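In the order they appear, the protein sequences are chains A and B.
Residue numbers for the first sequence follow numbering that gives the first Met the number 0, so the first one is 0 and each next one is one higher.
Residue numbers for the second sequence follow numbering that gives the first Met the number 0, so the first one is 0 and each next one is one higher.
What the hints contain is simulated information worked out from the structure, not anything from laboratory work.
Predicted model, so just to flag it, every value in this text is computed and none were measured.
Heads up, a few of these hints could be off.
To be verified - For lysine-lysine, the following DSS-like pairs were computed, each having C-alpha atoms within a straight-line distance of at most 27 Å:
no., chain 1, residue 1, chain 2, residue 2
1, A, K438, A, K358
2, A, K643, B, K177
3, A, K643, A, K632
4, B, K99, A, K632
5, A, K438, A, K46
6, B, K99, A, K643
7, B, K177, B, K99
8, B, K177, A, K632
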Amino acid sequence: MKNDDANVLRMQGAPTARDAALLEETWRDPPGLAGWFSAVNHKSIGKRFIVSAFGFFVFAGLLAAAIRMQLARPDNHLIGPDLYNQIFTTHGTMMMFIFAVPVMQAMAVYLVPLMIGARSTAFPRMTAYSYWVYLCGGLMIVAVFILRIGPDAGWFNYVPLSGPDYGSGKRNDFWAQLITFTEIPGLLISIDIITTVVKLRSPGMTLARIPLFVWAMLVTAFMIIFAMPAVMLASTMLIMDRLVATHFFNPAEGGDALLWQHLFWFFGHPEVYFIFIPGLGFMSAIIATFSRRPIFGYPAMVMALVATAFLSFGLWVHHMFATDVPQLGKAFFTAMSMMIAIPTATQIFCWIATMATGKLNFRAPFLFVLGFFFILLIGGLTGLILGSVPLDLQVHDTYFVVAHLHYVLIGGAVFPLFGAWYYWFPKITGRMMSETLGKWNFWLFFIGFNVAFWPMHHLGLHGMPRRVYTYPAEMGWGTLNLISTIGAVTIALSVLLFIVNVVRSLRGGAPAGDNPWGASSLEWATTSPPPSCNFVAPHVVGTREPLWEPSRDPGAPRYVTGLALNVRECLTTSAVDARPDHRYTFPTPTIWPFVSAIATTIMFIASIFNPWAVVWGSVLIAIPLVAWFWPTKEETRKHLALEKRP
Amino acid sequence: MSQADRLESGAITADGGLDVSGLPSYAFGTRSLFWWATMGVIAIEGTVFVMMLVTYFYLRSIAEMWPLGVQPPELLWGTLNTVIMVLSVIPNHWAKHAAKRHDLATTRLAMVLALAFAVAFLVVRIFEFMALNCRWDTNAYGSAVWTLMGLHTTHLITDFLDSLVLAVLLFTGPLESKRFVDVFENAMYWDFVVIAWLPIYAVVYWAPRF
Numbered sequence: 000m001k002n003d004d005a006n007v008l009r010m011q012g013a014p015t016a017r018d019a020a021l022l023e024e025t026w027r028d029p030p031g032l033a034g035w036f037s038a039v040n041h042k043s044i045g046k047r048f049i050v051s052a053f054g055f056f057v058f059a060g061l062l063a064a065a066i067r068m069q070l071a072r073p074d075n076h077l078i079g080p081d082l083y084n085q086i087f088t089t090h091g092t093m094m095m096f097i098f099a100v101p102v103m104q105a106m107a108v109y110l111v112p113l114m115i116g117a118r119s120t121a122f123p124r125m126t127a128y129s130y131w132v133y134l135c136g137g138l139m140i141v142a143v144f145i146l147r148i149g150p151d152a153g154w155f156n157y158v159p160l161s162g163p164d165y166g167s168g169k170r171n172d173f174w175a176q177l178i179t180f181t182e183i184p185g186l187l188i189s190i191d192i193i194t195t196v197v198k199l200r201s202p203g204m205t206l207a208r209i210p211l212f213v214w215a216m217l218v219t220a221f222m223i224i225f226a227m228p229a230v231m232l233a234s235t236m237l238i239m240d241r242l243v244a245t246h247f248f249n250p251a252e253g254g255d256a257l258l259w260q261h262l263f264w265f266f267g268h269p270e271v272y273f274i275f276i277p278g279l280g281f282m283s284a285i286i287a288t289f290s291r292r293p294i295f296g297y298p299a300m301v302m303a304l305v306a307t308a309f310l311s312f313g314l315w316v317h318h319m320f321a322t323d324v325p326q327l328g329k330a331f332f333t334a335m336s337m338m339i340a341i342p343t344a345t346q347i348f349c350w351i352a353t354m355a356t357g358k359l360n361f362r363a364p365f366l367f368v369l370g371f372f373f374i375l376l377i378g379g380l381t382g383l384i385l386g387s388v389p390l391d392l393q394v395h396d397t398y399f400v401v402a403h404l405h406y407v408l409i410g411g412a413v414f415p416l417f418g419a420w421y422y423w424f425p426k427i428t429g430r431m432m433s434e435t436l437g438k439w440n441f442w443l444f445f446i447g448f449n450v451a452f453w454p455m456h457h458l459g460l461h462g463m464p465r466r467v468y469t470y471p472a473e474m475g476w477g478t479l480n481l482i483s484t485i486g487a488v489t490i491a492l493s494v495l496l497f498i499v500n501v502v503r504s505l506r507g508g509a510p511a512g513d514n515p516w517g518a519s520s521l522e523w524a525t526t527s528p529p530p531s532c533n534f535v536a537p538h539v540v541g542t543r544e545p546l547w548e549p550s551r552d553p554g555a556p557r558y559v560t561g562l563a564l565n566v567r568e569c570l571t572t573s574a575v576d577a578r579p580d581h582r583y584t585f586p587t588p589t590i591w592p593f594v595s596a597i598a599t600t601i602m603f604i605a606s607i608f609n610p611w612a613v614v615w616g617s618v619l620i621a622i623p624l625v626a627w628f629w630p631t632k633e634e635t636r637k638h639l640a641l642e643k644r645p
Numbered sequence: 000m001s002q003a004d005r006l007e008s009g010a011i012t013a014d015g016g017l018d019v020s021g022l023p024s025y026a027f028g029t030r031s032l033f034w035w036a037t038m039g040v041i042a043i044e045g046t047v048f049v050m051m052l053v054t055y056f057y058l059r060s061i062a063e064m065w066p067l068g069v070q071p072p073e074l075l076w077g078t079l080n081t082v083i084m085v086l087s088v089i090p091n092h093w094a095k096h097a098a099k100r101h102d103l104a105t106t107r108l109a110m111v112l113a114l115a116f117a118v119a120f121l122v123v124r125i126f127e128f129m130a131l132n133c134r135w136d137t138n139a140y141g142s143a144v145w146t147l148m149g150l151h152t153t154h155l156i157t158d159f160l161d162s163l164v165l166a167v168l169l170f171t172g173p174l175e176s177k178r179f180v181d182v183f184e185n186a187m188y189w190d191f192v193v194i195a196w197l198p199i200y201a202v203v204y205w206a207p208r209f
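Looking at chain A on its own, in the form it has when it is part of the complex:
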């Protein structure tokens, strides 16, 4: 520790306890209620983000339970058709837009900086702003549902049903604005993650040494950047058709209803993969740890992720096989849909090779990973059926599709996600979760899931269309529907056990220690929970599995020193080789991202009722944004003390 000019303290040589205390003081969130709203630490925001996403998952899950109650027997009148429409629309919309995509980004906000040895996400204030906008959007859709003015045209909100002629009231305007609400955080966090991964890795962590989960999130972030603009534009066109009488989807004035489907699915199909690819990342992290060996075929795994990302942009028309797109086009999209099996199979075979040559440890996180294999395999096989035009035409818009999409999304994303929660809970909280409850959680979920969704394949083949609020007894669908409902109740029970496990473990779980699973990546090299600055002395990395395999070069440096202690300073590294590049000073906590998010929310909701709100709302947003950017004298003084010209 040394006194520079202007009271800047620097770490000198090996870290001391006093260095750690000073860093904690520098990097922690400010105290008090205003401090809570000003927090920018990626771990605080990440935790809130994960908990919020889980809350929305539970809410949307209860809506699913309501659907299953209504369908449990024929001619049921528990829920009327209008409310039923709102329930399934809100369930699908929330699960896709407010849970599945954001929760993956939330996990990345918490984990990526730790896994690459950084002290923060690249743009911590933007991370906070994204979270608050996300939360407001999610709460809006819950509120309009409770007020019984929720969207009711299905989660992909097809025109003309959702357009000005058939979509009544403001319901589908809320849907369109919800998309804007979720796109902003989705896109901003993608930029945040890309920059974090490219510029903030530990020195020595070359591109070929990044953990596979980080690769997965990097690929996902790029996909979001190129896919989300399509739905953002589409929902803007829809709301303009509804509010200011444009004619994008109005065939009478030169518009076209299929334009909506093209734009929506150009986003919607990649969306499936940016829910699925983070799941693959969880898989790779968990399989390596519980097989006690590095993942087999790292380069093949990375290339498979990138290939999946590219191919996923060439699949969207397979959602439109029942429309009048040209036959040749359909054939092309069938071929592309089949091709995606190649990178997926590559990864599955690499995991099997890893497990076959590893020493397996059947703990709760690993069980969820094994569940993935079984469920995703079935979902993938029904995907082959739906990817071919003649078969798709038979089962289009039936429960077969509902079964398929739940097998893919729950098997491909939710099972790995629960595994990830069991796996990283000790790191986030410092306490282990109960293994016994974890196993109950897994088995109830696994059995309940198959009981709930397997019968839907048969229902679909027997002609039960999706989205009907009831059916007559003569159709003979009663028994299978009742079985499905029993499965749904079992899933609900398993999620309840998970909540009980979390609450109990938070209070009395066994202390976890730094690395309870004996894992290899950097997040396990710091304490559980990590200190506010993540690493008192950032690591220098020499191998792909830094905690298993020390650097092969005995003279190489092991840690980074010389960074400021009382200013939020970090080392940036070069994009490919991760060589030390420059020292970067991070912004301090501030209330302005929260205020900007509230201003954004006011503008979005007001514009549903009056288009001019876009104009005055923009002014309202611009003010806190300028305040957010404007540097203070105190900050500038500290920065000047640290300044060195390149």
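Since chain A is already given, all that's left is putting chain B on it; use the hints.
Same frame as chain A, now just chain B:
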């Protein structure tokens, strides 16, 4: 890290610490964090423009005539504005290069000049809207034209405001050298807004004439 890496990155302490206190505190180009953020924003907004252009031609492909029952936009204002925007690149690049040299006086002057161009193209944009010969609610053609123009105008306004805030900060302070990187990256974004205009100009003004 190999031997070469260690030599390059400088001081290694006796017990294996990599002392980074001698490294610079900011950098230009791909080394800067905000360069990546700016590129990310450009990628997103570029995709939005491309999607909107695709929509325009999709609607045109199903139309029996184009434009749908109205005259194409008048060429005068749009062409004039294209010239202004292309010329605005000159003061903008002047600011960029002065910033890289850490020349505060020239950066200030170039930013003020660039802002004058921005005021000019925002004013001319009003006349462009008045000469489109259609309204957004006339038909799908009008909706597409107005949305293309609206999207681009939003970018003109945000780019103007970004530059204005930055220019004011350059005059009032508090200043640190990192602001020169901001000027550099602001210029990159300005280039994007101008380059994005060229295909939009071609489509809005010339596509209906062919």
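Structure-based check of all given hints:
1. A:K438 - A:K358: Judged against 27 Å, a Cα distance of about 20 Å means the pair holds.
2. A:K643 - B:K177: With Cα atoms ~10 Å apart, K643 of chain A and K177 of chain B stay inside 27 Å; holds.
3. A:K643 - A:K632: OK: K643 of chain A and K632 of chain A at ~18 Å, within 27 Å.
4. B:K99 - A:K632: Measuring from Cα to Cα gives roughly 24 Å; hence the hint holds.
5. A:K438 - A:K46: 24 Å, holds
6. B:K99 - A:K643: Between K99 of chain B and K643 of chain A the Cα gap is close to 14 Å, so the pair holds against 27 Å.
7. B:K177 - B:K99: 10 Å, holds
8. B:K177 - A:K632: At roughly 14 Å apart (the allowed maximum being 27 Å), K632 of chain A and K177 of chain B satisfy the hint.
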